[in-house]
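Single-letter residue listing:
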Amino acid sequence: MKKTILIIEDEKDLRFFLKTALSQEGYEVKEAFDAEEGFEKLKEKKPDLILLDILLPGKSGFDFLTQIKADPNFESIPVLILSNYGRQEDIEKGLKLGAVDYLIKANFTLEEIVQKVKKILKP
Amino acid sequence: MNQEKFLSIFNTLTDGILVFDAKRKLSLINTSAKKFLNVKENEVLGKSIKELSDHPTLKFLYYILGEEIREVEKRELELKKNDLILEVTSLSLPFGEKLVILHDISREKRVERLKTEFISVTAHQLRTPLASMKWALEILSKENLKDASKQMIEKLKEANKKMLQLVNELLNVLKIEEGKSQLRLEKANIEDLIKEVIENYTLLLEEKKLQFQVKFPSKKLPKIRIDKNKISFVVQTLLENAISYTPPGGEIYLNLEFLGNEVKFSIRDTGVGIKKEEQKYIFQKFFRGSGAKKMKTEGSGLALYMAKKIIEAHGGKIWFQSEEGKGTTFYFTLPLK
Numbered sequence: 001m002k003k004t005i006l007i008i009e010d011e012k013d014l015r016f017f018l019k020t021a022l023s024q025e026g027y028e029v030k031e032a033f034d035a036e037e038g039f040e041k042l043k044e045k046k047p048d049l050i051l052l053d054i055l056l057p058g059k060s061g062f063d064f065l066t067q068i069k070a071d072p073n074f075e076s077i078p079v080l081i082l083s084n085y086g087r088q089e090d091i092e093k094g095l096k097l098g099a100v101d102y103l104i105k106a107n108f109t110l111e112e113i114v115q116k117v118k119k120i121l122k123p
Numbered sequence: 124m125n126q127e128k129f130l131s132i133f134n135t136l137t138d139g140i141l142v143f144d145a146k147r148k149l150s151l152i153n154t155s156a157k158k159f160l161n162v163k164e165n166e167v168l169g170k171s172i173k174e175l176s177d178h179p180t181l182k183f184l185y186y187i188l189g190e191e192i193r194e195v196e197k198r199e200l201e202l203k204k205n206d207l208i209l210e211v212t213s214l215s216l217p218f219g220e221k222l223v224i225l226h227d228i229s230r231e232k233r234v235e236r237l238k239t240e241f242i243s244v245t246a247h248q249l250r251t252p253l254a255s256m257k258w259a260l261e262i263l264s265k266e267n268l269k270d271a272s273k274q275m276i277e278k279l280k281e282a283n284k285k286m287l288q289l290v291n292e293l294l295n296v297l298k299i300e301e302g303k304s305q306l307r308l309e310k311a312n313i314e315d316l317i318k319e320v321i322e323n324y325t326l327l328l329e330e331k332k333l334q335f336q337v338k339f340p341s342k343k344l345p346k347i348r349i350d351k352n353k354i355s356f357v358v359q360t361l362l363e364n365a366i367s368y369t370p371p372g373g374e375i376y377l378n379l380e381f382l383g384n385e386v387k388f389s390i391r392d393t394g395v396g397i398k399k400e401e402q403k404y405i406f407q408k409f410f411r412g413s414g415a416k417k418m419k420t421e422g423s424g425l426a427l428y429m430a431k432k433i434i435e436a437h438g439g440k441i442w443f444q445s446e447e448g449k450g451t452t453f454y455f456t457l458p459l460k
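Same order as they appear, the protein sequences are chains A and B. The working numbering puts the first residue of the first sequence at 1, with every later residue one more than the last. The working numbering puts the first residue of the second sequence at 124, with every later residue one more than the last.
Worth flagging that the hints you see were computed from the coordinates, not collected in a lab. The beta-carbon is built from N, C-alpha and C at its ideal position, and this holds for glycine as well. There's no promise every hint is true.
[Stated by the list, open to error] Rough simulated footprint, nothing fancy, chain B against chain A, three-plus residues with beta-carbon under 8 Å:
#1 33–43
#2 68–75
[Claimed, not checked] Cut-off 27 Å, straight-line C-alpha distance, at most; resulting in silico cross-link-like pairs (BS3-like, lysine-lysine):
#3 A:Lys96 / B:Lys278
#4 A:Lys93 / A:Lys119
#5 A:Lys12 / B:Lys310
#6 B:Lys403 / A:Lys93
#7 A:Lys96 / A:Lys116
#8 B:Lys298 / B:Lys148
#9 A:Lys116 / B:Lys403
#10 B:Lys310 / A:Lys2
#11 B:Lys403 / A:Lys12
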């Protein structure tokens with residue numbers, strides 16, 4: 001069965017590229033513009049993985065992460081943070097809140113991100 | 124000049140001035156110093172700095188100068204409560220007195236912080252469109268394209284990569300300047316760390332037909348407390364520079380020595396060397412020597428600047444010797460404790 005990935009990212013272009021690369025790998029991709037919409041999509045269909053941006057309009061990615069990790073329905077979903085703000089303290093915070101990894105978007109190719117995703121979703 | 128005249132001048136100076144007599148008692152303090160330190164003359168005159176060391180502002184001055192009022196040059200003193208940043212200099216006067224000068228640099232510091240913040244925000248913001256370009260090019264390059272188009276895309280990718288590198292380096296420099304880049308010290312074997320770095324360059328060394336010789340101490344080195352990533356970066360920078368600035372067929376010697384209370388790393392090349400008049404700028408931010416043009420190397424001129432900060436933060440030293448046309452040797456030491 002196709003695995004589902006939810007992308008929460010406010011930059012339309014970046015969302016589009018991620019979606020393109022992940023769809024080509026056979027994943028079903030859902031998109032959300034902010035944390036709010038992220039929650040809605042989460043409730044529609046539970047994804048197998050979430051790609052999460054940190055600087056979002058309104059609630060931050062950290063807030064989103066905290067909330068789903070406190071929710072027994074969703075806490076088991078792996079979350080991969082993709083952000084361009086990557087100060088040491090941010091990275092530590094993200095990992096402490098339970099993210100699988102924290103990647104600086106601009107420093108990774110789509111290919112590398114896809115590989116990370118595959119590794120996390122490996123049965 | 125009579126005393127009254129002298130005092131009126133003394134008290135109009137914008138720098139704060141304190142004079143300690145031969146017995147290290149405060150004998151003179153001007154208006155600016157009183158204002159900076161938030162003290163009244165009758166509270167402090169005739170006292171030693173140690174006697175004043177529980178005062179909310181003077182205690183910081185005590186930490187810097189000590190009981191003996193040691194000589195310091197432009198040491199930064201931040202008085203958070205008074206929203207002040209001072210530069211402290213102290214010197215000996217004839218007849219055994221000590222003169223302490225407090226120079227207000229709060230404004231400069233504020234401007235500097237704004238500048239740092241501005242660059243940091245801009246650099247971070249740039250990452251988003253740069254990521255966009257990077258990913259778009261990646262997708263494009265998988266399409267069936269004419270050779271000419273492919274070549275252009277490769278060029279764009281290169282340009283994009285350079286911009287990202289610059290952004291990352293700028294952010295690293297800012298981190299170091301803000302003092303945010305704390306060292307993550309852990310016990311590590313420096314020999315292993317150097318070997319790991321070298322491994323990444325074996326291909327390049329072969330390609331450039333460079334002779335490469337490594338010498339490690341015969342005795343196993345004790346582990347030392349270092350920030351592995353940062354020291355790796357320094358070794359990598361020095362090795363990369365040696366490779367870049369040595370023409371094909373040249374030689375590079377890497378040497379690690381154990382000197383009892385420190386380890387000494389050196390890397391010597393038979394490359395183009397550094398011009399004498401450029402040598403004093405080598406560790407400066409954004410400086411790139413004329414050798415860079417000659418060897419067509421690329422870079423931002425930040426790596427050696429960062430290397431110096433990193434080694435000094437470890438309590439070590441970094442320096443070099445170079446002769447134009449003959450080659451360069453870079454050294455650094457790291458204390459064992």
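Quick rundown of the hints versus the structure:
{"no.": "1", "hint": "33–43", "verdict": "violated (count 0)"}
{"no.": "2", "hint": "68–75", "verdict": "violated (count 0)"}
{"no.": "3", "hint": "A:Lys96 / B:Lys278", "verdict": "violated (40 Å)"}
{"no.": "4", "hint": "A:Lys93 / A:Lys119", "verdict": "holds (22 Å)"}
{"no.": "5", "hint": "A:Lys12 / B:Lys310", "verdict": "violated (45 Å)"}
{"no.": "6", "hint": "B:Lys403 / A:Lys93", "verdict": "violated (41 Å)"}
{"no.": "7", "hint": "A:Lys96 / A:Lys116", "verdict": "holds (19 Å)"}
{"no.": "8", "hint": "B:Lys298 / B:Lys148", "verdict": "violated (41 Å)"}
{"no.": "9", "hint": "A:Lys116 / B:Lys403", "verdict": "violated (45 Å)"}
{"no.": "10", "hint": "B:Lys310 / A:Lys2", "verdict": "violated (46 Å)"}
{"no.": "11", "hint": "B:Lys403 / A:Lys12", "verdict": "violated (48 Å)"}
Hint compliance for this structure: hints 1, 2, 3, 5, 6, 8, 9, 10 and 11 are not met, and every other hint is.
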